[in-house]
Amino acid sequence: MSHKQPRRSWVYTVLGCLFLAFMLFPVYWMVNASFQPGVSTADLDWLPIHPGLDGYRAAFSTQGANLLTSLVVAVGAVLVCLTVATPAAYALSLYRVRGAAAVMFALLLSQMIPGIVIANALYSAYNDLGILNTTVGLILADSALGVPFSILIIQAFMRAIPMSLLEAARVDGAGRLRTFVWIVLPLSRNAMITAALFSFLFAWSDFLFALTLNSNSAARPVTLGIYLFIGGYVADWGSVMATATMASVPAAVLLVAAQKYIAAGATGGAVKA
Amino acid sequence: MMTEPRPGPARRQMRRREEAFRWAFLAPAIAFLLLYFGYPIVKNLMMSVQDYTTRTFYTGEAPFVGLANYAAVVKSSVFSTALINTVLFTVGSITGQFTIGLALAVFFKKHFPLNGVMRSLMLLPWLLPMIVSSAIWKWMLDKDSGVVNQLLGLAGVENIPWLTSTEVALVAVVMVNIWLGIPFNMTILYSGLQDIPDELYEAAALDGATGWKAFRNITWPLLRPVVSVVLILGVVYTLKVLDIILGLTEGGPSGATETLATQSYRLSFANFEFGQGAALGNILVLISLVFALAYLRMTRSGVED
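The listed protein sequences correspond, in order, to chains A and B. Sequential numbering of the first sequence, starting at 1, is according to this note's numbering. Sequential numbering of the second sequence, starting at 1, is according to this note's numbering.
Only chain B is shown next, with the shape it has when bound in the complex:
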């Protein structure tokens, strides 16, 4: 089409109509994205350099304060705790989810009766509303009446104050988040495993490479691209987790499970310091962005291959 010599006026008009038609089809989506993603990002950037509080809603005044909000957020005693907790929560969750998810994916690659049914039932924890999961676990982890301590009691373990002790609360929250993330990891890794041709394993088996050897020499190297995607997505999703932590511990006891996300929520919606909430939110976005860009780079090179 492009190489045709001088398109006639009729043709040019048709093309223009086609172009208009395409944009008409895209317009609602673009408008929506601008309103619900573009606007919030810009607005958040603005709020973060303003003294934006509840008063602003009545007076409409939000004086410019430069980087004062960022300074206040970073200097606050909660920040370093939240940052460390975020790192521990993310690394702990991802390590657990990924290892167990990968083990299950490898397990379900074997052929056995009821394989498919079991695999889809495994998805249930992932499909449940997170707040439902946190309600169940909050009860199961109750110090005195929770079933977890009851079961541990059978083994002679004394009641553990899972959610009320500053020492184990973060461990408990990570455990629940691992449970939640296993199905997602398992599903994606399983579909990655499906793409590895069986012939490779058959050939390796002839050379005597089975089990762990086959995993190390065939499965792992060929699964690497999928692994990277799963890990990066896992990090991006885990960084923004709110439901589980708010539902289980509200960030407590005394900040033991506070993360950047919950702290940003608290600043805005409990302390009504919207400017500071925005500043911390932007810091969170910046961290996510690093991983998000890595993800995009990876998927793009995957597509072009």
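This is chain A alone, in the form it adopts within the complex:
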């Protein structure tokens, strides 16, 4: 079809560009403003023709520590998610476990529980344990966003691994553990990357646990930093937008560098679960 009507298909491309421009305008507006600090919107240029980095300087000095906290928390959550999820996915996908259906049911259900309910209970538990306002506490809470998703994504992938491969390994004398480490893990690389990317994003974007399980600045991620920034009267949107832009970098990088994993995660997480 497309070969017969090249002219018409370019019309679609133009239309697509318009839709895209409409959808991405807010993102553009953020980046544009981030390079024009101290300028009120009324005088803001539509293009950053007089770019300045003051917004980024201000953002780094006030939010640098928070960005670092976000990074530590997100990487920590990825490690927890993969460590917990990968073996579980293996057990659920390759061997018939009695109660596996119940576990899968619980996984799906857990993704639908409102975060505020979890936060409400965690607050008192964290208070008793003395891990409010700690990075470790936040890493574990944020992992809760990624663990069910990771297990579902990875096990769906592992199901496709041919049994014959594993049996061959066993014939060669490899035990369960060695089969897992040397055959299943390398084969599941793509699914693990997808799970890691999303676990990272979930933790990086988390706002609710950051808000409820932290009341001081000891472990404040950048999402909470932005919230506190915009909570009152904002004098300089340029710096806020510089912070927002930096907080968006992981999403943008993932979008460019890991497209196929993003697509796999977006559809796999919802439908193929």
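What the hints contain is simulated information worked out from the structure, not anything from laboratory work. What you are looking at is a predicted structure, and each value in this text was computed from that prediction instead of being measured. Treat the hints with care, since some could be wrong.
Stated by the list, open to error - The calculated label-pair distances, taken between Cβ atoms and stated as ranges, are:
no.	chain 1	residue 1	chain 2	residue 2	range
1	B	A71	A	A102	29 to 37 Å
2	A	R178	B	A71	27 to 35 Å
3	A	P162	B	P197	23 to 31 Å
4	A	A101	B	S80	51 to 59 Å
5	A	R57	B	T166	34 to 42 Å
6	B	R15	A	A106	22 to 30 Å
7	A	D128	B	T166	51 to 59 Å
8	B	A71	A	P48	51 to 59 Å
9	B	M298	A	D128	18 to 26 Å
10	A	L18	B	W220	40 to 48 Å
11	A	A102	B	T59	33 to 41 Å
12	B	V290	A	F60	25 to 33 Å
Stated by the list, open to error - Chain A side only, calculated, beta carbon under 8 Å to chain B, not exhaustive:
no.	residue
13	W10
14	M23
15	F60
16	S110
17	P114
18	I116
19	A125
20	T212
Just so you know, even glycine gets a beta-carbon here, dropped at the ideal spot from N, CA and C.
Use these hints to put chain B onto chain A, whose structure you have.
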């Protein structure tokens, strides 16, 4: 394996070891799920029937009060507002997200240059941290300096107090949430469209069914299962939205954008009435559960087909 006559002791031992091995692999995940989902649910149920306040943290005392928290929450003047807002917010968001998402999915099903690149760039709003999105929109919707009013001004529209008027704040919040949800709807529906074989459209075209007719007779009926899943997931996700509302309006002005989720947050973490927060949270869970069970039923029957 099961039909083999009497497994020898060695075999039985091996089996037992295998079983132990499987559970060892599952144990960390189960422990994690119990701690971070099981415990909170049970704890929340307990807190909701206790007088659980900041005092509890010092004295350790949280007297049993029966259903008093539920009564207090439901009787409070905010509840009916929050409930209505939640319904409006959810229905409005889902309607907008779904319609636009479906239209875009159908649009991107056509073959044209740069299709794939555009489709993935469309995902950006969905991948951004929600609080970032609410910061951008809070500024864009500012009454005096926001770009939205500037653009409307070009068309002769007077400045609209998007986030500060009780009449339009909910509309503004719904608009932003629609913008956020379009990519998710589009992606899932697009992948659903991909599963409809092209031959069906070709055959229909021979019969003269193209465009709207083809959509009504082929696309819509075949897409139905995916549509149901998208809608139900959309509802479950929208019911628990907090970031957007807290970031844009904090539930204000004077409760105009308060939902069950934000009200539950406020009860616990602003008023420190953890018992009441838990009670409202449980009501929210109950509502989500209805939709969640419908979803599970649907995906399960989808898998078994």
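Outcome of the hint check:
no.	hint	result
1	B:A71 x A:A102: 29 to 37 Å	holds, 35 Å
2	A:R178 x B:A71: 27 to 35 Å	violated, 60 Å
3	A:P162 x B:P197: 23 to 31 Å	holds, 27 Å
4	A:A101 x B:S80: 51 to 59 Å	violated, 40 Å
5	A:R57 x B:T166: 34 to 42 Å	holds, 39 Å
6	B:R15 x A:A106: 22 to 30 Å	holds, 26 Å
7	A:D128 x B:T166: 51 to 59 Å	violated, 40 Å
8	B:A71 x A:P48: 51 to 59 Å	holds, 56 Å
9	B:M298 x A:D128: 18 to 26 Å	violated, 40 Å
10	A:L18 x B:W220: 40 to 48 Å	violated, 26 Å
11	A:A102 x B:T59: 33 to 41 Å	holds, 39 Å
12	B:V290 x A:F60: 25 to 33 Å	violated, 47 Å
13	W10	holds, 7 Å
14	M23	holds, 6 Å
15	F60	violated, 17 Å
16	S110	holds, 4 Å
17	P114	holds, 4 Å
18	I116	holds, 5 Å
19	A125	holds, 7 Å
20	T212	holds, 6 Å
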